[in-house]
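Student: Listed here are the chains, written in short residue letters.
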Amino acid sequence: MYVAVKGGEKAIRNAHRLLARTRRGDTSLPEVSVAQIQAQMSLAVARVMDEGALYDTELAALALKQAAGDQVEAIFLLRAYRATLPRFCASVPLETETMRVGRRVSAIYKDLPGGQRLGATFDYSHRLLDFSLLAAGETPEKDDFSVHSAENPAEEPVMPMPCPHVLNLLTEEGLVKTEETLANPAEAEIPDITREPLAFPSSRATRLQILARGDEGFLLAMAYSTQRGYGRNHPFAGEIRVGAVDVWLEAEETGFPVPAGEIDLTECEMVNQFVGSPDIAPQFTRGYGLVFGSAERKAMAMALVDRALRADEYNEEIASPAQQEEFVLAHCDNVEAAGFTSHLKLPHYVDFQSELGLIRKLRAEYARKHSARANATMDNQPLQVTP
Amino acid sequence: MNPALNPTPLADETAASTLPLLRVNQLTRLFGHEKGCQDISFDLYPGEVLGLVGESGSGKSTLLSLLSGRTPPDRGSVQYRADHANWLDIYEAGEARRRQLLRTEWGFVEQNPRDGLRMSVSAGANIGERLMAQGARHYGQLRETAIHWLQQVEIDASRVDDPPRAFSGGMQQRLQIARNLVSKPRLVFMDEPTGGLDVSVQARILDLLRSLVRELDLAVILVTHDLAVARLLADRLLVMRRSRVVESGLTDQILDDPQHPYTQLLVSSVLQA
Amino acid sequence: MTNMTTETRFAQSGRESMENTAAEGYNFAYLDEQTKRMIRRGLLKAVAIPGFQVPFGGREMPLPYGWGTGGMQVTAAILAPEDILKVIDQGADDTTNAVSIRAFFERTARVATTTRSGEATIIQTRHRIPETPLKRDQMMVFQVPIPEPLRFIEPSETETATLHALGDYGVMHVKLYEDIVAHGHIATCYAYPVEVNDRYMMDPSPIPRFDNPKLHMSPALMLFGAGREKRLYALPPYTRVVSIDFEDYPFEAQRQDGVCAICGSANTYLDELIVDDRGTRHYVCSDTDYCQEHAGQQGIRA
Numbered sequence: 001m002y003v004a005v006k007g008g009e010k011a012i013r014n015a016h017r018l019l020a021r022t023r024r025g026d027t028s029l030p031e032v033s034v035a036q037i038q039a040q041m042s043l044a045v046a047r048v049m050d051e052g053a054l055y056d057t058e059l060a061a062l063a064l065k066q067a068a069g070d071q072v073e074a075i076f077l078l079r080a081y082r083a084t085l086p087r088f089c090a091s092v093p094l095e096t097e098t099m100r101v102g103r104r105v106s107a108i109y110k111d112l113p114g115g116q117r118l119g120a121t122f123d124y125s126h127r128l129l130d131f132s133l134l135a136a137g138e139t140p141e142k143d144d145f146s147v148h149s150a151e152n153p154a155e156e157p158v159m160p161m162p163c164p165h166v167l168n169l170l171t172e173e174g175l176v177k178t179e180e181t182l183a184n185p186a187e188a189e190i191p192d193i194t195r196e197p198l199a200f201p202s203s204r205a206t207r208l209q210i211l212a213r214g215d216e217g218f219l220l221a222m223a224y225s226t227q228r229g230y231g232r233n234h235p236f237a238g239e240i241r242v243g244a245v246d247v248w249l250e251a252e253e254t255g256f257p258v259p260a261g262e263i264d265l266t267e268c269e270m271v272n273q274f275v276g277s278p279d280i281a282p283q284f285t286r287g288y289g290l291v292f293g294s295a296e297r298k299a300m301a302m303a304l305v306d307r308a309l310r311a312d313e314y315n316e317e318i319a320s321p322a323q324q325e326e327f328v329l330a331h332c333d334n335v336e337a338a339g340f341t342s343h344l345k346l347p348h349y350v351d352f353q354s355e356l357g358l359i360r361k362l363r364a365e366y367a368r369k370h371s372a373r374a375n376a377t378m379d380n381q382p383l384q385v386t387p
Numbered sequence: 001m002n003p004a005l006n007p008t009p010l011a012d013e014t015a016a017s018t019l020p021l022l023r024v025n026q027l028t029r030l031f032g033h034e035k036g037c038q039d040i041s042f043d044l045y046p047g048e049v050l051g052l053v054g055e056s057g058s059g060k061s062t063l064l065s066l067l068s069g070r071t072p073p074d075r076g077s078v079q080y081r082a083d084h085a086n087w088l089d090i091y092e093a094g095e096a097r098r099r100q101l102l103r104t105e106w107g108f109v110e111q112n113p114r115d116g117l118r119m120s121v122s123a124g125a126n127i128g129e130r131l132m133a134q135g136a137r138h139y140g141q142l143r144e145t146a147i148h149w150l151q152q153v154e155i156d157a158s159r160v161d162d163p164p165r166a167f168s169g170g171m172q173q174r175l176q177i178a179r180n181l182v183s184k185p186r187l188v189f190m191d192e193p194t195g196g197l198d199v200s201v202q203a204r205i206l207d208l209l210r211s212l213v214r215e216l217d218l219a220v221i222l223v224t225h226d227l228a229v230a231r232l233l234a235d236r237l238l239v240m241r242r243s244r245v246v247e248s249g250l251t252d253q254i255l256d257d258p259q260h261p262y263t264q265l266l267v268s269s270v271l272q273a
Numbered sequence: 001m002t003n004m005t006t007e008t009r010f011a012q013s014g015r016e017s018m019e020n021t022a023a024e025g026y027n028f029a030y031l032d033e034q035t036k037r038m039i040r041r042g043l044l045k046a047v048a049i050p051g052f053q054v055p056f057g058g059r060e061m062p063l064p065y066g067w068g069t070g071g072m073q074v075t076a077a078i079l080a081p082e083d084i085l086k087v088i089d090q091g092a093d094d095t096t097n098a099v100s101i102r103a104f105f106e107r108t109a110r111v112a113t114t115t116r117s118g119e120a121t122i123i124q125t126r127h128r129i130p131e132t133p134l135k136r137d138q139m140m141v142f143q144v145p146i147p148e149p150l151r152f153i154e155p156s157e158t159e160t161a162t163l164h165a166l167g168d169y170g171v172m173h174v175k176l177y178e179d180i181v182a183h184g185h186i187a188t189c190y191a192y193p194v195e196v197n198d199r200y201m202m203d204p205s206p207i208p209r210f211d212n213p214k215l216h217m218s219p220a221l222m223l224f225g226a227g228r229e230k231r232l233y234a235l236p237p238y239t240r241v242v243s244i245d246f247e248d249y250p251f252e253a254q255r256q257d258g259v260c261a262i263c264g265s266a267n268t269y270l271d272e273l274i275v276d277d278r279g280t281r282h283y284v285c286s287d288t289d290y291c292q293e294h295a296g297q298q299g300i301r302a
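Just so you know, the protein sequences line up as chains U, D and B, in that order. Each residue of the first sequence is one higher than the one before, counting from 1 in the working numbering. Each residue of the second sequence is one higher than the one before, counting from 1 in the working numbering. Each residue of the third sequence is one higher than the one before, counting from 1 in the working numbering.
The shape of chain U in the complex, shown without the other chains (with noise of 0.2 Å):
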């Protein structure tokens, strides 16, 4: 009686066993290898890399392996995993204007300098199902994401770098408001969200962070609901820009930067209105979006967010979702949601019993109650005499 209802070692095991041939599937198909899925679903491992806060191709799409496709289970593994890495020192901040571009797009400007370029793009395709990727063998050309410049496309030539900011190009004339830099960035304290619990207010770093890693799907329902009214800033996507960038450490040993390789990002930034305040002249702001690899959707979302929370910073009334910083960021991380939701599957029989011994009792005055009421009015009615 006792073990049908508390479950045992060997259940789980047995679990465990069932998940690894589910996980299979198939064993006349060849199994799907870490290196193929790091290769053809380059998009997915960008995904996980980002909200798993983790740079690493491989690791990335052995996760996306282990958890059979399922985008947060392996943002879960590689996130455990990255809790246990050590952690040396933050990197020397990434210029992004040397970024060897692969794509980037500006929706305010036709053109401007080093140009407007597609490159990999769902854009402007027709979402039609391409059935000849159902025919087993390659599709004839070959499609290439990666930015390096050996491997693009000899027609597609890479841009001269470095390529201008469009917003500084703004900034520059005084439309936009500048941000504030750090006097000196390599000795500045800077905020790590995986060693400090968040209080609030939190800073924008910290915030900065938190969306990096935030959950897509949240983000970007956030990001519509400020398009749809609450908490509209009225955004023009300055400009997305999609490449690599060299990543530079400044070791301790050596007090001089050195290149440490570099990694696929997408930036973007959202030129939004401001009508200005008794000490600012009306200007342009902005929001800012940075991910790993290429993860167009995730960066946009993530730069309207950011001007949402700013709402604060330029004396915007705060009414809606996306602009109440302990709302968002409370709420984006997609590790501590899926797992607090999952733990309603954990048995709850002892919170469940006392709630049960509580309606009954409940249930045992009410209807004490209502028999006494139903005697009462059964008292008062006189007594029926049949003629």
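Check each hint, because a few of them may be wrong.
[As the list claims (entries may be wrong)] Between beta-carbon pairs, the in silico distance windows are:
hint, chain 1, residue 1, chain 2, residue 2, range
1, B, V242, U, A188, 43 to 49 Å
2, B, R40, U, P30, 47 to 53 Å
3, B, N197, U, A251, 45 to 51 Å
4, U, R204, B, R255, 51 to 57 Å
Calculated directly from the structure, the hints in this document are not laboratory data. All C-beta atoms in this analysis are idealised placements derived from N, C-alpha and C, irrespective of residue type, glycine included.
Since chain U is already given, all that's left is putting chains D and B on it; use the hints.
Tutor: Below, chains D and B without anything else, positioned relative to chain U:
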């Protein structure tokens, strides 16, 4: 109160009541040019009802939130006589003390009762909350007190367990008044207390307020754009325009013989309306 | 029957591996020493200010948030090689999550484990306090989902932090008042809020209120860890812990009708089992260790 149990010499009582309850000095908070309020100074005496009048945007509401400890000023001070001798600078006192004042010796009646009530808990709990915060721990007595105060504000005792959601606008406003008065405050701030109500309902609330203020010897700072409300309730008026007080004095004097051109305009426009 | 259980567990299973191999490449008890020191500093502060929620730099654990990551981090931080660990969930040692967490520490710390409450030096728990009275050399580690007792009245962290700082707790009694209005009783059955050391309002984690009296003046150190919310708090031994109430509606630990079908106890917390299709109900002790011991004393074979 039984005088035998409270042998305070009469002379002291008189001396105490001639001291102001609130001393406001050069109070300033600006959001832009002439937006907010600046250089406001006045004294408020126990039992006195002071009206802040002026058109919307003149700075009345900003002043009210500065006075009630909700918004720190750019400069100037608000001093409250917490007991018979000690003056308390409310912005030097710290948030803990300010909040404590706001739920004990002070009250705040919001224009919209939804902002001043807990809409989802019963009327009784709304009234009892201040007492519970002060340590009242007897359910039966809390409920008795709640019923007493419901009757004081002319709400039927049978509604004690109903949530304010089920009340009309006028009843909600009366409940909010009861929720504030239960802690026997000495000073109550009111922001357009009849602003959102029908004219017929307004009259009843004004009547109620007038008798409660007299009965309980309350000092009140009342923001209103309605000079009729000001005339009915206020002993003294401050007329505000573009962040400054342009005229002050006894209510009758200001309404019957306004000196400042703006006050004249304000009074005549009401008369025309 | 076995088959059905397996299927159900499959849907619920986390990622934790149950193989009986030690975890290679990880520090003793999984967390690195820096992290453990950070948690211990937080715990020391928590002990110094009983009932106060101390923010800490919580780490991702290889178990999902909500499944005991806070408790596990606390256990990992205080665990020594000579400790004897007991892990319970719903009072029982053999519930899946308890089995999984116990296995985790067997693998990563190779410490001795036990199901006997009296033998354990550390007891990590979800939702219960053992029936066997605790002793002064024992530590309880509670898994906490929502550490903030004011959360369901006030969603904003900024506001609840202010209320704690000012000791402004009137709103807690508003909740109890409403219970009595609606039900004629205080209807909070678990996670019943307590006032600690006459100062801080504390959520005792979702233990049934039946267990609340065991917190008061306990000789054992009680540590609470909330992983997702990144908070630690503590009750040092012999701390005053008062379950809030009204004078005329005093706190009552829930009484249950019925006795344990296995050991015959009438004064323990009981789980209800439905044993056949006709809905016949049986009651058994939720604390499996106590039940076995008690049955043994009665000469009953559990």
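Student: Tell me the numbers of any earlier hints that the structure contravenes, in ascending order.
Tutor: No numbers; nothing is violated.
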